[in-house]
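> The residues making up each chain are set out below.
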Amino acid sequence: MAVFPRRRLAAVALAATTALLVTAGCGGGDEQGGDGPVTLTVDVFGQFGYEQLYQEYMAAHPDVKIVERGTGTNLDEYSPKLTQWLAAGRGAGDVVAIEEGLLVEYKANPGNFVNLLDHGAADLKGNFLEWKWNAGLTADGKQLIGLGTDVGGIAMCYRKDLFEKAGLPTERDAVSKLWPTWQDYIATGERFVAAKTGASFLDAATNTFNTILLQTAGNTTGYSYYDTSDKLVVDSNPAVRQAWDTTMDIVDSGLSGKYGSWSEEWVSAFKQSKFATIACPAWMTGVIEGNAGPTAQGRWDIARVPGNGGNWGGSHLAVPKQSKHQAEAIELVKFLTSAKGQIGAFKAKGPLPSSPQALDDPAITGASNAYFSGAPVGTIFGAGAKSLKPVYMGPKNQAVRTEVENAVRTVELGQRNPGQGWTDAVTNAKKAAAK
Amino acid sequence: MTVQLDARPPVAPAPGNQRQSSGRLSRFDTRFSPYLYIAPFFLLFAVFGVYPLAYTFWVSLHDWDLLGTDHPFVGAENYTRLLADVDFWHALVNTLGIFVISTVPQLLAALWLANLLNRGLRARTGWRMAVLVPNVTSTAAVAIVFGVLFGREFGMVNWLLDLVGLDAIEWKSNRFASWVAISAMVDWRWTGYNALILLAAMQAIPRDLYEAAAIDGANRARQFWSVTVPLLKPTIIFCAIIATIGGLQLFTEPRMFHSGTNPIRGGPLRESQTLTMYMFENAFAPHYNFGYGSAVAWLLFALIAIVAAVNVLVLRRLGGGPGPRKGAAR
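Chains A and B, in that order, give the protein sequences.
The opening position of the first sequence corresponds to residue 84 in my numbering, with each subsequent residue numbered one higher.
The opening position of the second sequence corresponds to residue 433 in my numbering, with each subsequent residue numbered one higher.
Just chain B, with the same shape it has in the complex:
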């Protein structure tokens, strides 16, 4: 029992008459203890979330050479320079381009996969686990292997193209081709994951809706587009948000896709350099301009906030109100 008593939140006892203050103490306990219980998360968040954010912002207002000892304050200069920096906008277009051509096919394929897995297959669990396997592999390993597959001269993809009589493609120094190659990597990893989430949502759809549709004469395809897809909308939006967060911060895949000298550029003309890579290039090698890199980080943060806000608006319009998910949640 004593152990139990000791486990109370560390509230400093009032000096002197303890018995008198026990009433006040218990009131204090009921009012403030809940905050203490949730405090660990917020403390950690403050240390690992808020502080780095604030510090990055502070750094972005300075001319901050990584090795230098003096860091003169320059105000918004890093930001004004950045907004006029063509390479920054180039990286932004790359990021959004790769995001679009990876996310759209990914979600369509995941939907199709989930639909297949939802049928009465033999060894169902085996199939469901199999689609998740790519997600378990390390990103760096995937990126290195794909980097080799998409090699210009020794890559298997170009070899296959050659077999069917097509010209080799410069996967690493053609802007669109490199976007496609990187998207293939992202999709290979994440399609199965999204398929499982969509599958779970599909299984929550009441069977009687399908029966009713069947009685009304809807075939399988019609059932899919008119019953399954509308009811999956909130889940699809969830998957889209997750893909957005990942897509805008894409780093490992495009970074490891390139090898050799200065791979952080993402190709000789920055064909597949994403925003996070541009941030890294400026904050670390070869520029070591920490202030400028921090400004990139903050603009990326702003961009993600904007995209997230758009997502929320879309979510409100499409998935809001008394939707089917809300009922299922409790």
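One chain only, chain A, in its complex shape:
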């Protein structure tokens, strides 16, 4: 019996010491005592590429155990779950990933998250592209919800073997020269279709529409469905209309394989080589590799995106208030979003860093991707990253985007003509925004 209290005392002392070391002056919120190692749950979607980093972190912090949930799930499954956990006040991980399109909705209720500015995050500002940092701040600038992980610089991924079959150039610079503009891209697509390879030119009009929209908005207005005063401008923003019209041209020319993006058919179409190009934000490379599988290694390559740059996607990591291990979670967030963490994730699954230091790092600038025929992904995605123009997203962005993309889909499937589709897009978007 004499041993027990002493051992317990030692445990408490150890826990207190680690807590002191880890929290580095933060007030707390962590009422957990010292029950051995702390388990941190990290909630993600898609491919964040953190496995190796967790190992590293756990090796350096023997008192922390990391469990990840959600790799491979798509955003539509992930985000409702996260919202439910936040609303219920329990269930969420200690670290959660938030995609840029949903960030605004979560920022509207900042009370759900720890204010990272209270935990020394302000010093990290220089580690992020300015707009990425600002995206994590609430409207009044007083609370930082999350630290940035990646940005979604856009390129165009294509199948070399299918291009060869169609008698098109296969080398990436030559392919980039095929399509300085989206109209050139359509013209190339028409040549591809005329060659009758048995594959379509692109996967689905919705993905392409979103790419064109974010690119056009980034280059012109700086916002898409909502203007910066959160007014719905789906029918008055020329960027939306322009992206719509270009997409309708693509559909009219019969270039789309109509594989609804992220569906089972879409995945099968990757496996069966059913389309030749796909609009490719940096994080998409990991998705392609996962869907097309190892047999397609070396058949894919990456060229420049038609038009001029653009950003699609990218996430932040946040710590929910409900977490019982806030201090440890904040440390983990800082580690994962550090330049080193972002480089590690990029090497594993391709998400493009949002840290200027990481972008300048030889590990990024010199990086190539063996799956994509050794394409120099570091320069392809990284070169334009610092000049990326962010697109502002309003409060109901996700719901509105869903309506507009579905309208694109109905035209693509021949259920609506482009005129009816546009009317649907506008009326349904307005309805969704009012809900």
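Rather than coming from a laboratory, the hints here were simulated on the basis of the structure.
Fair warning: there could be bad hints in the mix.
Said to hold, decoys possible - If we take Cβ atoms under 8 Å as the criterion, some of the chain A residues that face chain B in the derived model are:
hint	residue
1	Lys248
2	Ser346
3	Trp349
4	Ser351
5	Thr493
Backbone N, C-alpha and C define an ideal beta-carbon position, used for all residues, glycine too.
Got chain A sorted already, so can you dock chain B onto it with the hints?
Leaving out everything else, chain B in the frame of chain A:
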């Protein structure tokens, strides 16, 4: 023995003279103990049934953003908006449409199956168990497999249609086709279950009725329609009620039938979005409007109550009175 005594219902003994009060206690025991014995069910029902119902109703009277901290009271506004919401009525038509084209063939097929199983087959138990196997599989697994079978380009159904020279069908974005595909899923799962229930009822029909019919010159088909089916009526109605309850709440099959972005819509034009899916779409992603979703839930509840009432009326008219089931019940 002491253990036995302790097992009495937890009635607080009166303070002081216990011996005096034992008479009162036993009277109390006989009068109130039965309620205590059945209390656990009602307590659980109150916690898991009544409370959520009431709370949902309370929520439906508010503008309740799932993540928001303020939930202003809006009265019946959610309901008035909902009644004017075309997507709500669209989902209602989908639900009823899928319900009809799944239930009618399902019950007919179950009747036919039960009739087959009722004959002197070899390995009878094996056959009877076999028809129940689909019911044991997980709904989600069934829905995913059927979702692939009914794929537009890589689906086996369209491949078979192509083999016989028919055009491919857009199973997921053609309203009627998606209803048929989802009904096929529902029927695959539930036909065997209903067949077994009907079979049990068939076996309770006295043999002498058939003998009498045979003597009167009725052939097998005539016996089936004039003896078997009328006597099965109450059971058929029971099956219909069960199918109604399931059919109006249909969720997993149509939800898992669609994959990709926002499958909760049930297709780009909401081709096969049922009421429960519409409820989910509003209460959770992408709208997170808990109040509106709760209003959908309550209207669905009202709808089920109406359909159930119609069922009861039909039951009274067809199966009521001194029917054959009543005699068999005891």
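> Tell me the hint numbers this structure goes against, listed in increasing order.
Per hint list: single violation, 1.
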